[in-house]
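Undergrad: One line per chain: the protein sequences are A and B, in this order. Residues in the first sequence are numbered consecutively from 2, following this note's numbering. Residues in the second sequence are numbered consecutively from 5, following this note's numbering.
These are computed hints drawn from the structure, not numbers from a lab. Positions of the beta carbon are idealized from the N, C-alpha and C atoms, including for glycine. Treat the hints loosely; a few may be bogus.
Said to hold, decoys possible - Computed Cβ-Cβ distance ranges for the label pairs, DEER-style: (1) A:Pro115 / B:Gly78: 36 to 42 Å; (2) A:Lys51 / B:Lys14: 49 to 55 Å; (3) B:Leu130 / A:Leu147: 18 to 24 Å.
Said to hold, decoys possible - For lysine-lysine, the following DSSO-like pairs were computed, each having C-alpha atoms within a straight-line distance of at most 27 Å: (4) B:Lys84 / A:Lys140; (5) B:Lys42 / B:Lys14; (6) A:Lys145 / B:Lys122; (7) A:Lys39 / A:Lys85; (8) A:Lys117 / A:Lys140; (9) B:Lys84 / B:Lys49; (10) B:Lys107 / A:Lys140; (11) A:Lys80 / B:Lys84; (12) B:Lys124 / A:Lys140; (13) A:Lys151 / B:Lys100; (14) A:Lys145 / B:Lys62; (15) B:Lys122 / A:Lys140; (16) A:Lys151 / A:Lys80; (17) B:Lys84 / B:Lys42; (18) B:Lys14 / B:Lys49; (19) B:Lys42 / A:Lys117; (20) A:Lys51 / A:Lys140; (21) A:Lys151 / B:Lys84; (22) B:Lys42 / A:Lys151; (23) B:Lys42 / B:Lys122; (24) A:Lys85 / B:Lys42; (25) A:Lys145 / B:Lys107; (26) B:Lys122 / A:Lys85; (27) B:Lys122 / B:Lys107; (28) B:Lys14 / A:Lys140; (29) B:Lys124 / A:Lys80; (30) B:Lys100 / B:Lys49; (31) B:Lys62 / A:Lys140; (32) B:Lys42 / A:Lys51; (33) A:Lys145 / B:Lys42; (34) A:Lys145 / B:Lys124; (35) A:Lys80 / B:Lys100.
Said to hold, decoys possible - Listing some non-contacts, in silico: residues in chain A with all C-beta distances to chain B over 10 Å: (36) Asn31; (37) Asn33; (38) Glu41; (39) Glu86; (40) Leu93.
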Amino acid sequence: MSIFGGINTSASALTAQRLRMDVVSSNLANANTTRATKAEDGTAIPYRRKMVALAPTEQSFSSYLNRAKGASTGTQGVKATRIKEDETPFKLVYNPGHPDANADGYVEMPNVDPLKEMVDLMSATRSYEANVTAMNATKGMLMKALEIGK
Amino acid sequence: MDLFSGTIQKLQNSLDYSAARNNAISNNIANVDTPGYKAKDVAFKDVLKGELDSISAKRTDSRHFQFSNTELEGYRTFQKNGSMYNNNENNVDIDKEMTELAKNQIYYQTLVDRISGKFKSMQNVLRGGN
């Protein structure tokens, strides 16, 4: 167990939560983007909502063995494994004047729900704050340990 | 006569335990949004002794690991089971973790104060009260 194990754990979580916030920002910014990519036939494909997949780090054999022996506190921190795309269908909006409207006058809009994004943003912010508190606690303990024998 | 009379050793073990516990709690808070993550906690070994003695592995070689480990550390990490899961199979209770974090911090600071006090009184004796 290293001295800064606790701080590194919290730091990895801060990075992961910040990435979640960035992805939410990207989703909100592209809530009306109808031309994110192009299909092979040249038609525009709208923006797909993105989500961050999180997993605990250090899933090596030795970490499992140490955990089974009770020697370590197991995994250290969290990491973002990938950014997944939301596969739910696009919203169809009737808007014949839109440049990307099809023959019937319907436009495919991104599957971004601003309400859902705001909930995700709040969740990420709160987790971020909790991890800042945890990091400050670890820092306080390390500083206190320096006082031993003073 | 033992100069430190075992107190320092006890305080040191407790500091180790408290530091390990802080790591476990930090880890739980870091993984509060991780699907499938199970919360972990650290306990003094004598608390878990009954549980540890109940299982023993049949070993064909003396170098094999035992189920109940005989390490020097006085604490053991275990996974918290039996608590309610969120719908993503994560059982971290953030309110509880934050409370434990605050408690553990105070516990640690108390131990450091005690260990410092111990050294101070020893220093006092060495100087003959001057």
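Undergrad: Please go over all the hints and tell whether each is borne out by the structure.
TA: Here is how each hint holds up against the structure:
The supplied range of 36 to 42 Å is broken by Pro115 of chain A and Gly78 of chain B, whose beta-carbon atoms lie about 52 Å from each other. For the pair Lys51 of chain A and Lys14 of chain B, the beta carbons lie near 52 Å from each other, so the given range of 49 to 55 Å is met. Our hint of 18 to 24 Å for Leu130 of chain B and Leu147 of chain A holds, since their Cβ atoms are close to 22 Å apart. This hinted pair checks out: Lys84 of chain B and Lys140 of chain A have alpha carbons roughly 26 Å apart, not beyond 27 Å.
Our distance criterion of 27 Å between C-alpha atoms is broken by Lys42 of chain B and Lys14 of chain B, whose separation comes to about 30 Å. Straight-line distance between C-alpha atoms of Lys145 of chain A and Lys122 of chain B comes to about 16 Å, which keeps the hinted pair within the 27 Å bound. Of the pairs offered as hints, the one joining Lys39 of chain A and Lys85 of chain A holds, with about 19 Å between alpha carbons and a cut-off of 27 Å not exceeded. Simply put, Lys117 of chain A and Lys140 of chain A have alpha-carbon atoms about 35 Å apart, too far for the 27 Å limit, and the pair is violated.
Taken as a hint, the Lys84 of chain B and Lys49 of chain B pair is honoured in the structure, with Cα atoms around 15 Å apart against an allowance of 27 Å. Our distance criterion of 27 Å between C-alpha atoms is met by Lys107 of chain B and Lys140 of chain A, whose separation comes to about 15 Å. Taken as a hint, the Lys80 of chain A and Lys84 of chain B pair is honoured in the structure, with Cα atoms around 21 Å apart against an allowance of 27 Å. The suggested pairing of Lys124 of chain B with Lys140 of chain A holds, with an alpha-carbon distance near 24 Å, which does not exceed 27 Å.
Under the criterion of a C-alpha separation no larger than 27 Å, the hint pairing Lys151 of chain A with Lys100 of chain B is inconsistent with the structure, at around 34 Å. Of the supplied pair hints, the one linking Lys145 of chain A and Lys62 of chain B is violated, its CA atoms being roughly 45 Å apart against a limit of 27 Å. With a C-alpha separation of about 24 Å, the suggested pairing of Lys122 of chain B with Lys140 of chain A holds against the 27 Å cut-off. Pair hint Lys151 of chain A plus Lys80 of chain A does not hold up; C-alpha atoms about 39 Å apart against a cutoff of 27 Å.
About 7 Å separates the Cα atoms of Lys84 of chain B and Lys42 of chain B, which keeps this hinted pair within 27 Å; it holds. A threshold of 27 Å between alpha carbons decides the hint, and for Lys14 of chain B with Lys49 of chain B the separation of about 14 Å falls inside it, so the pair holds. Only pairs whose Cα atoms come within 27 Å are accepted, and Lys42 of chain B paired with Lys117 of chain A is accepted, the gap being roughly 26 Å. Of the supplied pair hints, the one linking Lys51 of chain A and Lys140 of chain A is violated, its CA atoms being roughly 34 Å apart against a limit of 27 Å.
Distance restraint check for Lys151 of chain A and Lys84 of chain B: the Cα-Cα separation of roughly 38 Å exceeds the 27 Å cut-off, and the hinted pair is therefore not satisfied. In summary, the hint linking Lys42 of chain B to Lys151 of chain A is not supported, as the alpha carbons are separated by about 40 Å, beyond the 27 Å threshold. In summary, the hint linking Lys42 of chain B to Lys122 of chain B is not supported, as the alpha carbons are separated by about 39 Å, beyond the 27 Å threshold. For a cut-off of 27 Å, the pair hint linking Lys85 of chain A to Lys42 of chain B stands: about 23 Å separates their Cα positions.
Annotation: proposed proximity of Lys145 of chain A to Lys107 of chain B holds, straight-line Cα distance about 15 Å (limit 27 Å). Using a Cα cut-off of 27 Å, the hinted pair Lys122 of chain B and Lys85 of chain A is violated, with the two alpha carbons roughly 56 Å apart. A threshold of 27 Å between alpha carbons decides the hint, and for Lys122 of chain B with Lys107 of chain B the separation of about 23 Å falls inside it, so the pair holds. For the hint linking Lys14 of chain B to Lys140 of chain A, the alpha-carbon distance of about 23 Å falls within 27 Å, and the restraint holds.
Restraint check: the Cα-Cα separation between Lys124 of chain B and Lys80 of chain A comes to about 44 Å, which exceeds 27 Å; the hinted pair is violated. Annotation: proposed proximity of Lys100 of chain B to Lys49 of chain B holds, straight-line Cα distance about 22 Å (limit 27 Å). Between Lys62 of chain B and Lys140 of chain A the CA atoms are separated by roughly 44 Å; this puts the pair beyond 27 Å, and the hint is violated. The hinted pair formed by Lys42 of chain B and Lys51 of chain A meets the criterion: a straight-line CA distance of about 25 Å does not exceed 27 Å.
This hinted pair does not check out: Lys145 of chain A and Lys42 of chain B have alpha carbons roughly 30 Å apart, beyond 27 Å. With a C-alpha separation of about 16 Å, the suggested pairing of Lys145 of chain A with Lys124 of chain B holds against the 27 Å cut-off. Between Lys80 of chain A and Lys100 of chain B the CA atoms are separated by roughly 23 Å; this keeps the pair inside 27 Å, and the hint holds. Non-interface status of Asn31 of chain A relative to chain B is upheld: no Cβ of that chain comes within 10 Å, the nearest being about 23 Å off.
A cut-off of 10 Å between C-beta atoms confirms that Asn33 of chain A is not in contact with chain B; the least separation is 28 Å. Against chain B, the non-interface label of Glu41 of chain A holds: every CB pair exceeds 10 Å, the least being about 34 Å. A cut-off of 10 Å between C-beta atoms confirms that Glu86 of chain A is not in contact with chain B; the least separation is 17 Å. The Cβ of Leu93 of chain A lies farther than 10 Å from every Cβ of chain B, with a closest approach of about 30 Å, so its non-interface assignment holds.
Hint compliance for this structure: hints 1, 5, 8, 13, 14, 16, 20, 21, 22, 23, 26, 29, 31, 33 are not met, and every other hint is.
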